[in-house]
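There are 2 protein chains.
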Amino acid sequence: MAERLNSADAALRVRAAKVIPGGMWGHLNAANLPDGYPQFFARARGCRLWDVDGNEVVDFMCSWGPIVLGHHHPAVEEAVRAQAAQGATMNGPGAVLVELAEQLTGMLPAADWCLFEKNGTDATTACVTIARAGTGRRKVLLARGSYHGAAPWCSPSLVGVTAEDRAHIIHYDHGDLDSVRAALAEAGDDCAAVLASAFRHDMARALELPTRDYAQGLRALCDQAGAALILDDVRAGFRLHLGGSWEAYGVRPDFSAWSKAIANGYALSAVTGAEKWRDAAARVFTTGSFWAEATSMAASLATLRELQRVDGPAVMAAMGERLRAGLSALAAQYGVGVTHSGPAQMPLMLFDGDADFRRGNAFCSAALRAGAYFHPKHNMFLSTAHGPADIDRGLEAAEAGFRAVSRM
Amino acid sequence: MAERLNSADAALRVRAAKVIPGGMWGHLNAANLPDGYPQFFARARGCRLWDVDGNEVVDFMCSWGPIVLGHHHPAVEEAVRAQAAQGATMNGPGAVLVELAEQLTGMLPAADWCLFEKNGTDATTACVTIARAGTGRRKVLLARGSYHGAAPWCSPSLVGVTAEDRAHIIHYDHGDLDSVRAALAEAGDDCAAVLASAFRHDMARALELPTRDYAQGLRALCDQAGAALILDDVRAGFRLHLGGSWEAYGVRPDFSAWSKAIANGYALSAVTGAEKWRDAAARVFTTGSFWAEATSMAASLATLRELQRVDGPAVMAAMGERLRAGLSALAAQYGVGVTHSGPAQMPLMLFDGDADFRRGNAFCSAALRAGAYFHPKHNMFLSTAHGPADIDRGLEAAEAGFRAVSRM
Numbered sequence: 025m026a027e028r029l030n031s032a033d034a035a036l037r038v039r040a041a042k043v044i045p046g047g048m049w050g051h052l053n054a055a056n057l058p059d060g061y062p063q064f065f066a067r068a069r070g071c072r073l074w075d076v077d078g079n080e081v082v083d084f085m086c087s088w089g090p091i092v093l094g095h096h097h098p099a100v101e102e103a104v105r106a107q108a109a110q111g112a113t114m115n116g117p118g119a120v121l122v123e124l125a126e127q128l129t130g131m132l133p134a135a136d137w138c139l140f141e142k143n144g145t146d147a148t149t150a151c152v153t154i155a156r157a158g159t160g161r162r163k164v165l166l167a168r169g170s171y172h173g174a175a176p177w178c179s180p181s182l183v184g185v186t187a188e189d190r191a192h193i194i195h196y197d198h199g200d201l202d203s204v205r206a207a208l209a210e211a212g213d214d215c216a217a218v219l220a221s222a223f224r225h226d227m228a229r230a231l232e233l234p235t236r237d238y239a240q241g242l243r244a245l246c247d248q249a250g251a252a253l254i255l256d257d258v259r260a261g262f263r264l265h266l267g268g269s270w271e272a273y274g275v276r277p278d279f280s281a282w283s284k285a286i287a288n289g290y291a292l293s294a295v296t297g298a299e300k301w302r303d304a305a306a307r308v309f310t311t312g313s314f315w316a317e318a319t320s321m322a323a324s325l326a327t328l329r330e331l332q333r334v335d336g337p338a339v340m341a342a343m344g345e346r347l348r349a350g351l352s353a354l355a356a357q358y359g360v361g362v363t364h365s366g367p368a369q370m371p372l373m374l375f376d377g378d379a380d381f382r383r384g385n386a387f388c389s390a391a392l393r394a395g396a397y398f399h400p401k402h403n404m405f406l407s408t409a410h411g412p413a414d415i416d417r418g419l420e421a422a423e424a425g426f427r428a429v430s431r432m
Numbered sequence: 025m026a027e028r029l030n031s032a033d034a035a036l037r038v039r040a041a042k043v044i045p046g047g048m049w050g051h052l053n054a055a056n057l058p059d060g061y062p063q064f065f066a067r068a069r070g071c072r073l074w075d076v077d078g079n080e081v082v083d084f085m086c087s088w089g090p091i092v093l094g095h096h097h098p099a100v101e102e103a104v105r106a107q108a109a110q111g112a113t114m115n116g117p118g119a120v121l122v123e124l125a126e127q128l129t130g131m132l133p134a135a136d137w138c139l140f141e142k143n144g145t146d147a148t149t150a151c152v153t154i155a156r157a158g159t160g161r162r163k164v165l166l167a168r169g170s171y172h173g174a175a176p177w178c179s180p181s182l183v184g185v186t187a188e189d190r191a192h193i194i195h196y197d198h199g200d201l202d203s204v205r206a207a208l209a210e211a212g213d214d215c216a217a218v219l220a221s222a223f224r225h226d227m228a229r230a231l232e233l234p235t236r237d238y239a240q241g242l243r244a245l246c247d248q249a250g251a252a253l254i255l256d257d258v259r260a261g262f263r264l265h266l267g268g269s270w271e272a273y274g275v276r277p278d279f280s281a282w283s284k285a286i287a288n289g290y291a292l293s294a295v296t297g298a299e300k301w302r303d304a305a306a307r308v309f310t311t312g313s314f315w316a317e318a319t320s321m322a323a324s325l326a327t328l329r330e331l332q333r334v335d336g337p338a339v340m341a342a343m344g345e346r347l348r349a350g351l352s353a354l355a356a357q358y359g360v361g362v363t364h365s366g367p368a369q370m371p372l373m374l375f376d377g378d379a380d381f382r383r384g385n386a387f388c389s390a391a392l393r394a395g396a397y398f399h400p401k402h403n404m405f406l407s408t409a410h411g412p413a414d415i416d417r418g419l420e421a422a423e424a425g426f427r428a429v430s431r432m
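Each protein sequence line maps, in turn, to chains A and B.
Each residue of the first sequence is one higher than the last, beginning at 25 in the working numbering.
Each residue of the second sequence is one higher than the last, beginning at 25 in the working numbering.
Treat the hints with care, as some may be off.
Identical chains share a label here; the pair holds if one copy fits it or two copies do between them.
Unchecked claim - With a straight-line cut-off of 20 Å between C-alpha atoms, the simulated EDC-like cross-links for lysine to aspartate or glutamate are:
hint: 1; residue 1: K42; residue 2: E123
hint: 2; residue 1: K300; residue 2: E126
hint: 3; residue 1: K42; residue 2: D136
The hints are simulated quantities; they were obtained by calculation from the structure and are not laboratory data.
Input sequences plus hints: build the corresponding full structure.
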């Protein structure tokens with residue numbers, strides 16, 4: 025196999041090391057990725073991505089979620105172009121704010137109102153603040169190990185975080201209603217909210233969808249406790265179900281937090297909520313300089329309509345299943361044990377007995393050289409731009425990965 | 025004077041009331057503005073703004089700061105278009121991340137490294153977190169009444185905020201080094217950082233620039249205490265001085281927080297910091313789904329270069345002085361007492377003896393009808409798109425405002 029060119033990426037990393045602490049921040053730092061993964065990207069179209077050295081890959085990360093219709097989707101780009109030609113960040117919102125809020129409250133059965141922000145963390149934080157305002161209570165229950173953003177109250181790191189930032193956080197275990205009961209008992213009459221992820225998607229372990237009983241049980245426990253059920257749909261939103269990820273279980277949260285796929289890559293997040301929390305939402309002070317920016321809202325409106333038009337979740341599920349079936353067949357062919365988990369639209373493949381991810385990393389590195397960008401330990405993402413030929417091209421690259429693993 | 029048309033705005037407000045709590049959030053809620061101010065905007069070009077009813081105004085708010093070169097600046101729009109044609113939100117940053125970080129560290133003498141985020145609040149919060157990580161201390165000193173964002177630790181509202189969110193905040197009084205000394209004494213050996221605004225710009229009171237002695241004294245007190253000096257340049261950044269707002273006083277902060285004008289309306293914020301904090305910045309976990317988005321960085325690079333090319337702060341200062349001189353002349357002509365405060369690029373005009381802002385509101389409402397968008401109690405913003413003819417058109421509208429006040 026030809027050596028993958030990486031000289032432009034290497035040169036940029038040298039420059040970045042001087043002006044960006046650690047070369048890159050957070051989840052996007054390529055130091056956390058398998059060998060050979062590029063740090064810098066030059067171009068993106070549909071489900072194809074080119075790094076700064078011109079290496080092309082079929083992309084199975086979709087920018088870690090935001091790209092749900094494929095890069096540079098014509099309907100989204102046209103909506104953005106039209107809005108930008110009029111106005112973007114003005115002294116107040118454009119009419120598109122109202123249209124988008126109407127679209128969301130129309131498509132999401134649990135949503136009577138919306139607020140818009142820029143980060144997923146803005147949305148989860150606003151949900152907590154509104155729940156506290158509405159209940160007059162302080163405690164917030166989180167599933168141990170779950171990711172709800174990078175603010176001090178929920179960051180996966182404690183560096184620079186004080187004990188008081190977490191003073192009112194109580195943990196429960198995902199999928200375990202008894203642990204929720206115990207956490208509620210600990211909160212006493214001071215429980216403002218229970219945060220739940222759309223499904224368990226903690227890094228570096230198998231993904232777990234909730235059962236219907238669990239989701240409904242959590243709703244019932246919140247109702248008994250008078251606490252808000254906050255569904256963190258930042259990562260899964262608009263990929264699993266266009267009515268909200270727990271609609272399939274018949275569960276309607278008090279609040280949902282949205283971001284990532286909401287505007288096909290444009291910076292936007294949202295809180296949607298039920299009627300009973302409207303007054304609390306109006307009393308909380310939440311704002312930002314770019315939160316009324318109109319082009320991201322135009323992008324969102326176009327994205328959501330397109331997802332409805334093509335039934336995005338079904339399209340992505342079908343392609344995710346095709347990918348998963350192909351990966352399974354290859355794994356069997358090469359005699360390598362793997363476990364698939366998660367919804368097909370956001371799949372994860374772990375190698376059996378691979379606690380140190382040596383096999384997962386080797387698989388990814390080899391597949392990358394052969395033209396597909398997979399992730400060894402974080403859920404991946406499909407988009408509606410992934411067609412059968414793209415999946416098959418990805419599987420061709422995956423075969424190189426399995427071959428590498430079979431030789432270890 | 026012809027009645028100002030507002031039927032489209034009124035119709036949108038009715039719809040918004042159903043889907044947005046309180047009709048609009050935060051500082052952009054028109055309920056907090058003088059009578060007749062529109063909530064929704066349709067179009068923006070240069071320093072002109074059109075509401076959804078087609079009413080045109082000369083804009084002296086510049087979208088509350090972000091618009092620094094005027095709306096839809098050709099160099100910025102072209103940079104965004106070129107970057108968007110390649111890629112925006114990808115699996116990692118584009119090369120433009122490095123170029124922008126090099127631009128910032130090159131132009132800001134206090135900056136050895138950068139991090140990029142989306143909100144001003146992201147930037148101030150990251151500064152605090154990094155200071156805590158770097159010092160192993162917890163206390164943060166804020167000037168009483170200062171605005172540093174909308175997160176629970178610093179929000180101007182306590183609704184939904186817990187006591188623990190503020191557990192390590194100690195207040196001092198802007199401009200009063202003795203009060204800083206007292207706050208440092210209270211913090212003991214636990215002071216991580218002192219936050220300072222570029223100048224005192226608290227809502228509804230005269231703006232106050234720091235003295236050189238005060239700025240240098242604050243720097244010396246931080247050095248003695250081993251605490252970081254964080255300059256919140258979110259609002260003033262790139263309007264007062266292209267090297268950082270305290271460069272004029274010979275004071276270099278440990279960190280600066282930037283947003284608003286950094287990308288001429290595109291959603292971006294940044295932290296810049298000194299070498300000694302680089303390691304702490306690399307250890308803190310701070311990230312967001314859109315923080316590597318490339319078009320906002322391309323917009324920023326174009327914006328900063330254009331500000332350097334035209335000496336933006338000088339252009340805005342000259343036009344701000346022209347505005348101020350004209351307002352003073354009109355005030356004298358109509359026998360109305362006013363007080364100007366703040367830097368000319370971010371001016372505020374308060375009516376004497378107008379604690380309830382009746383005169384300020386009446387002035388603004390009448391001026392708006394006559395074609396200029398002023399603010400009665402928040403600092404206003406100039407852009408480099410404001411030319412002499414625009415200022416004079418604004419003054420013509422202001423005359424209607426003074427006339428209205430003189431009849432009260």
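Notebook entry, point to check: Quick one: K42 to D136, C-alpha cut-off 20 Å, is that within a copy, between copies, both, or neither?
Noted result: Between copies only: 8 Å across chains, 48 Å inside a chain, cut-off 20 Å.
Margin query: One pair to classify: K42 and E123, alpha carbons no more than 20 Å apart. Within, between, both, or neither?
Written below: Between copies, since 12 Å is at most 20 Å while 44 Å is not.
Notebook entry, point to check: For the identical chains here, do K300 and E126 meet the 20 Å Cα criterion within one copy, between copies, both, or neither?
Noted result: within (18 Å within a copy, 49 Å between copies)
Of the numbered hints given earlier, the model fails none.
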